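Visitor: These protein sequences, in sequence, are chains C and V.
With the first letter of the first sequence counted as 1, position 166 gets the number 166 in the working numbering; the numbers rise by one all the way through.
With the first letter of the second sequence counted as 1, position 74 gets the number 74 in the working numbering; the numbers rise by one all the way through.
A couple of the hints might just be wrong.
Claimed, not checked - Here are some, though not all, of the chain C residues that point toward chain V, as calculated from beta-carbon distances under 8 angstroms: (1) 28; (2) 146; (3) 150; (4) 276.
Unchecked claim - Between beta-carbon pairs, the in silico distance windows are: (5) V:260 / C:47: 19 to 29 angstroms; (6) C:80 / V:35: 44 to 54 angstroms; (7) V:26 / C:47: 50 to 60 angstroms; (8) V:160 / C:303: 49 to 59 angstroms; (9) C:303 / V:116: 46 to 56 angstroms; (10) V:195 / C:303: 45 to 55 angstroms; (11) V:277 / C:303: 57 to 67 angstroms; (12) C:215 / V:256: 28 to 38 angstroms; (13) C:159 / V:277: 17 to 27 angstroms; (14) C:159 / V:67: 20 to 30 angstroms; (15) V:35 / C:314: 46 to 56 angstroms.
Said to hold, decoys possible - Which stretches of chain C does chain V cover? Using the computed rule of at least three CB atoms under 8 angstroms from a CB of chain V, they are: (16) 64–76; (17) 79–86; (18) 100–107; (19) 186–199.
Hints listed in this document are in silico derivations from the structure and should not be mistaken for laboratory results.
Given the structure is predicted, the values throughout are model-derived calculations rather than measurements.
Glycine residues also receive a C-beta, built at the ideal position from the N, C-alpha and C atoms.
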Amino acid sequence: MIPTIFLVTVLVFALVRFIPGDVIDLMVSEMAHGAGMETELTAEHLRHVMGLDVPIHIQYGRWVGIVPNQDGSFSGALQGDLGMSLWRYESVRWEIFKRLPVSFELGLFAIMIALSLALPIGTYSAIRQDTMGDYGGRTVAILAISIPSFWLGTMIMIYPSIYLGWSPPVKYIPLVADPLANLGQFIIPAVILGMYLSGTTMRMTRTMMLEVLRQDYIRTAWSKGLRERTVVLRHALKNALIPVVTMVGLLMPVVIGGSVVIETIFCLPGIGLLLIDALRTRDYPVISGINLVLASGVLVINLLVDLTYAWLDPRIQYK
Amino acid sequence: MTEGSREISPGVEEERKGRGLLAELFIRLIKEKPLGVVGGVIVLIVLLVAIFANFIAPYGMNEIHPADRLGPPSAQYWLGTDQIGRDLFSRIVYGARISISVGLAGSALTTVVATLIGLISGFFGGKTDITIQRFVDAWMCFPPLLIYLSVMAILGPGLGQVIAVLGITRGIAQSRIVRGAVIGIKENVYVEAARSIGASNTKILIRHILPNVMAPIITILAVSCGYMILSEATLSFLGFGVPPPNPTWGGMLSGAGRRFMYHAPWLALWPGVALASVVYGLNMFGDAVRDILDPRMRGGLGRYGGVKVEKPKK
């Protein structure tokens, strides 16, 4: 895991250092125009402010926080300092910190809704294979995978408002101001965000349950005279879930990416909206900060997935 | 082909003699996967629409009819017009071109990248493998959309950039599949035999390993296409894909047109319908191809041949 973390930081760092020179010039003209200081701001000055005028390994060291800055202090990712926003004169750390709860709530909500639909439906599909319920479940799963989330989001913004005079709220209500309204506001975006995850998990659960249900130990469980509920939940589902957990873990980056789209459509002020703003204004410190935070988030999720295996399968032990 | 598929379908094996992998794939697709055929037909229709867009579209893609702005669907404009009076149907027809180009070129690039990395990493093993795999690990920590957006913001919008970013990023992730297959195959006796008669690494890779990992490679090609089209649409929707006034399905749902959708809801409906049906078709087709080629990933009936789950009668 250590080399992975190291390479993640290298990749984030490289991404920002690949800014072509003409972009620096463009930024100079944009910034000078915006701030009304045409004379003071030059490309050299900007390179100096961004720390681009020293050798690349020193730049990396400073950015991570293992090489001292010009003034001798250490301030890099290790110290939790991700630099300053180019436009807003606010630290990137604070910008991300402010937005994190919104994205976290949306993501958690989406995963909870997606899994609480996918696991029961997928299991039902498998134990009642080739019934109407199975076909219904599979159709829903395929639709959930094929319908683009940004299209469904757009449709939900527009069609109900024309025909029903109702539309999802676009003004963000903080959790502390009105918890119920806040949760209500998150339901539709969360369902749409979780849609893809839900469809894929449903299909995977069904496949794996079908696989497990023909094992010998399931026959043994039946012949012991156990109830169907015990056989399905205790003996089959727990074993079928191991590959499903792997897949859910692998899909987490997709969910995080999808939140960018959903936050844009529903105007939820989370990390995704911050990223889009930063990309439009070429706020590179913010972009690299978000990349680093989200990639670290994925690393943590991978770790949690590994720990879940140990719970699902007592044979797996980490020493 | 792999061992597993022989065990599962002995009947097909007899027929397969003398046929190539692709021909066999095609025959099994028609015989065993009706839904995959439906998907394939949808894809074929869209492919034809994309190729013959000039003849199908009644108007040019950026032809403006100012008098008929925001017109509802009618005999003259089948799906209505947008805020500056462009025919929506014509734009969707031309949009198929962009989507299909991204789908085909992107998945081809994915396949090439995945094959190259997978072959090298899997075949040479040792330090090469470890170094490459740590890079792939780190790369896969980033949400794909984040990579696309960040790189597109630096490269600037454009069709070529979209194809390059989507293809390379997904290729790196998919190289795992090729690597796994290569590792499984390189211990075979025939590889050792080739080496003992003095075949070079390159020759072993191309003549002995590559043909035996064709199944996962074709699978990557088949399942990537829909993903590419969806990703391009998402990028164009967010304003970082193929720039306007190009008629992309994703771009049509965003940008300047968005404000007018409350008055002209068809602007929101049809590009999405086109996109969803193509993605549906490609998903069904890709799944069918994967089910046939990869015994481990078989979903549902494909594996059990319709055998019901055993359950005692009460």
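Visitor: Taking the hints in turn, state whether each one holds.
Guide: Hints, one by one, checked against the model:
1. 28: It is violated, given that the least Cβ distance between residue 28 of chain C and chain V is near 17 angstroms, above 8 angstroms.
2. 146: 4 angstroms, holds
3. 150: Since chain V brings a Cβ to about 5 angstroms from residue 150 of chain C, closer than 8 angstroms, the hint holds.
4. 276: Result: holds, 7 angstroms to nearest chain V Cβ.
5. V:260 / C:47: 19 to 29 angstroms: Given about 43 angstroms between the Cβ atoms, the range is violated.
6. C:80 / V:35: 44 to 54 angstroms: 51 angstroms, holds
7. V:26 / C:47: 50 to 60 angstroms: 58 angstroms, holds
8. V:160 / C:303: 49 to 59 angstroms: The hint (49 to 59 angstroms, Cβ to Cβ) is violated, given that residue 160 of chain V and residue 303 of chain C are roughly 38 angstroms apart.
9. C:303 / V:116: 46 to 56 angstroms: Since residue 303 of chain C and residue 116 of chain V have Cβ atoms about 30 angstroms apart, the given range 46 to 56 angstroms is violated.
10. V:195 / C:303: 45 to 55 angstroms: Hint violated: Cβ distance 40 angstroms, outside 45 to 55 angstroms.
11. V:277 / C:303: 57 to 67 angstroms: 39 angstroms, violated
12. C:215 / V:256: 28 to 38 angstroms: 58 angstroms, violated
13. C:159 / V:277: 17 to 27 angstroms: With a Cβ separation near 19 angstroms, residue 159 of chain C and residue 277 of chain V satisfy 17 to 27 angstroms, so the hint holds.
14. C:159 / V:67: 20 to 30 angstroms: Roughly 27 angstroms apart at Cβ, these two residues keep to the hinted range, so it holds.
15. V:35 / C:314: 46 to 56 angstroms: 39 angstroms, violated
16. 64–76: violated (count 0)
17. 79–86: violated (count 0)
18. 100–107: n = 0 at 8 angstroms, threshold three: violated.
19. 186–199: violated (count 0)
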